[in-house]
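Q: Residue numbers (our numbering), protein chains in the order written: chain B, 1 to 778; chain L, 779 to 1125.
It is possible that part of the hints are untrue.
As the list claims (entries may be wrong) - Taking beta-carbon pairs under 10 angstroms as the criterion, some of the chain B residues facing chain L (in silico):
1) 231
2) 232
3) 453
4) 471
5) 472
6) 475
7) 556
8) 568
9) 572
10) 589
11) 592
Hints listed in this document are in silico derivations from the structure and should not be mistaken for laboratory results. The beta-carbon is built from N, C-alpha and C at its ideal position, and this holds for glycine as well.
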Amino acid sequence: MDLPVSWLREWLPGLDMVPERIAAQLEQMGYELDGVVTAEAGLAAVQLGEVLERHAHPAADRLAVLLVADGGGEPVQVVTGAPNGHPGDRVWYAPPGTTLPDGRVLGTEHLRGVRSEGMLLSARELGYVGGGEGLWIWQGPGKVGERWPTVVGSETVLQLSLTPNLAQYAHSVLGVARDLAARDRAPLPAWPASPRLAGDEVLVRLEAPDLCPRYAVALLECATPSGTMPWVWQRRLALAGVRLIHPVVDATNAVRIDMGQPLHAFDRDRVRLPLVVRRAAAGEPLVLLDGRTVTLDPDDLVIADGDGPVALAGVMGGQRSAVTADTRRVLLESAHFSRAGVYRTARRHQLVSDAAARFGRGTDVEAVLPAVGRFVDLLHTFGVNVAGGAVQVVGPVPTRRHVLFQPARLRIWTGLDLDDEALAGELDRSGFILEAGRVRVPSWRPDIEGPQDLAEEVIRLVGMDAVPARLPARATPGVADPDTRQTDQLRDWLVAGGFVEVVSRSFVPSGVSERLGLAPAVHVVKNPLREDEAVMRTSVWPGLLDAARYNRGRGSERLALFEVGPVYLGTPAAPRERVEAGVLATLGEWPALFGASRQSVYDLKGLVEELSRRLGWRFDWGPWTEPAGALHPGRALAIVRDGQVWGALGELHPAVLQAWRLPRTAVARWHVPPVMAGQRRDGERPVPPPPYPAVRRDVSLLVPDGMPWAHVAALLQHHAGADVESIRPFDRYVDLSGTAVTVAIRYRAADRTLTDADVEARQAVLVSALAEAGIVRR
Amino acid sequence: MGGNGAREDWATVALADIAAAPTVAALEALRVQYLGKQGRLTGELRALSGLPALERRARGAMLNGCKTDIENALARQRELLAQAEQSRQLEAERLDLTLPGVLPAWGTLHPITRVRRRLADVMLRLGFTLRTAPELETEWYNFEALNMPADHPAREMHDTFYLEAPYVLRTHTSPFQIRAMRDAGGDLPLRVATLGFTYRRDDDATHTPQFMQMEGLVVDRGIGLPDLKGVVLAVVRDVFGPTERIRLRPSFFPFTEPSAEVDMSCPLCLGAGCRVCHTGWIEILGSGLVHPRVLEAGGYDPGEVSGFAFGWGVERVAMLLYGLDELRPLYQNDVRFLQAFDAWDSL
């Protein structure tokens, strides 16, 4: 809301504050301040001049050369195309450097060979209407040489943003004025006088009091406009965003901004009285002011005359009854429409209007009649006299609501050290009257619902700075969230393992999950911002792949990334969120100063195994059986836990590598098993190692073609005695005779030192058992 | 010199040769030459048996003296040669340590994780129990239970992503208030906090459609704005330093009444006014006393208890903490950017 400060002073003539101070006070009351700007800043140098001489332009018939006294020394010479401006006329002179309201910046020019310094202005060039054609011959006050802001007065605009609660009662000049007066401990502004009710003819009948509790109508005989709107008002309305149309329409707009009460003017001679305020008939058509035709619903409220609807109540008038330039008899509506009703109707027909916005936030039922009085006053100010007429109102003024006054709770909530009387006194400033343990709520405060709203009102008046700070009295032990604790430990180990954490969006393009062989997307965003953010992810892989592509594209050769975050599963009717961990590493060898460094899919496998061991997840490996998807079919494994697939590991499929422009890359993902509060990890119990030395024997085995290591390992495990501590392959060699694997076997007894003979005996058993399976010593 | 009598010439020569032996091999040859089975000294000793007893004793003593001298000389020369050998070897092993070090393959945490942990840590220390809540939330939890019925204009403040009804992507962490209160079953005092992703249809330099919020909630008898002010001040000072100041301004949220916007003194210019804050103050979070209808939805009697809640954007904290102008880089996942945070983290 752009609020000219001079307009505020209409309601608060005694307001003794500079605009910056007003702004600071309003901020303390919850208004968001977007700016305090001086209006017409570009016109600061414009000054009143007097034409001394007027000569024909030597080279152009339509131009004239004027000598103008500007209050300084030498008169200035200005070329003008205007037909007026004769010696003795006072005109507005804009020197070079002036910025006009339309954005033009003036300079010194040569027009057909004659020097012209700056410009003499028309009213329109100053941003005003009226003042006749050509130059604005000034009849107002001021001396030659005086500047525009000095003569017409400067104007400052407060640019305010209103939160929804303020929008309910402070979206008007009067509303802000009331807040400011209360804060300033000044009397609240007085209502304008209501018009005297008069007239015998029945002007209106109210048939839907639930949607319109009160409706006033005034029949006004307007004289022909006797002049133009005062420039101060022109400027106020322009700054408030109103385009001048017709004095009657301008006055309705002015009252809406001024008092927050939307008005509507009908042309009396284009309606058949009486008006009826009623629900629309289903399917009834109405042609609106903007030319659109709406088909009405029985839940819509209309104003109708003898020939059908003439307005969609509170939203927009109809074309048939609209005020025109020729209108002389005006039928003015000032009504209190149900806020929810207007909101529903505007939404149903997708109509946007200032009135609908205002009614949709709630208006003051007691303002209905005073607004008519204000309209008549403003219309007069705008140059139209009202000769006479009739005023009628239907529907009662409801009694004001009450809210319990609970001073002890107000003290607890606000922390303010104010006694009962002081609290009541604060509320009184805003118009809340204490009556027998309750406060009567002013009619203009639809936002007040309960005692807690009174606490806010007191705080708005006293100021948040008066609230002391303390910590809550009763202490509690804080308890960490076990799942977050586990995932944070997982993150720490991944970081220790050399992986960089990424955080990607939960949205992914539709189709990507399916393309990568992931769980199909379940949750579709109905109104995504972009097509590639259309569904909720079912895995962190798409984000990791995108992050890898992004970094590869910026020159990072070797990448090791991870993400731990929520994925969105279940069904649309029963969503289930789980935490997934994903890792990605580009593979290959990177030459280095001291030998190459290398990353293979086995590094990722070892990482997952070690994380599983440390976090007690007891992950197992299983065959990856999904034929299509992200992984290279010959280089993929399932991560298994308790017989169920918990994730996958492998190298990316060449098609995926190509699509994401990646080199050979390995990935893994797994669901992070949830943990319960206080639960210990399901890992292995630490025991002190035995004191006896280990004995290592290396044996080189020729493994038949196609036999996987897991098979060899199982045989070794099966035939190894109790004293075998570990079996690790450490060399693998393929030649014409087959695949040779060298295995390091460590023996260690828990209760004694093994002798060479012990070890040789065990080794012999193992080797002969392997031989039976076709695995011979090389 | 041990033994009796003058040293014979061969022994003198032997000692001189040993002292001059240039290599371990030469030294070994000398040992064999004198002390070996066929060695000179061995021969001399063997020849003793043919001598008369008196002469044998005297000569025997002299030869044993020679033997000790030769053995000592061998040992000394062996030691000298070993030292020289080691010096040569060390010299040969000299490295050019002006070559660059090999960097450890350490990873790094995302700044959002860093700030999340920082905030979780201070909330824990202030006695808040941390919990999680769903991001795919029903409209009831996200709006209705928080005093935003279907036609409420405040619902328009939340530009919502809709899923299959009744689900939405939560527009704030506040639904957690209802869940925490209901789980507490009326117990007092209740002091809980959550950190998690929230979603709004907003995308510009200072808004992303997905962002993380931290929210705290306290419910007890006698809770008021001073408790809110004290806790928020403690959190702000813990994260940004003990000289930070805060300022509350009345504001509006449907689920709090009274509501307050909290500004903190700008940590970049220390409240003097700068390019970022203009006024010395920075708007940081929304807060207020829990609305009676929200307490009711959570199963508490607003006539008996009161509470406060506050919600803070984690990205906003990150921007202030790390001096970032824009939100977007936080979600671009550029590793060069992410790896810069270790050296620029707060302690």
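Q: Check the structure against each numbered hint from earlier and tell me which ones fail, lowest number first.
A: Those not satisfied are hints 1, 2 and 10.
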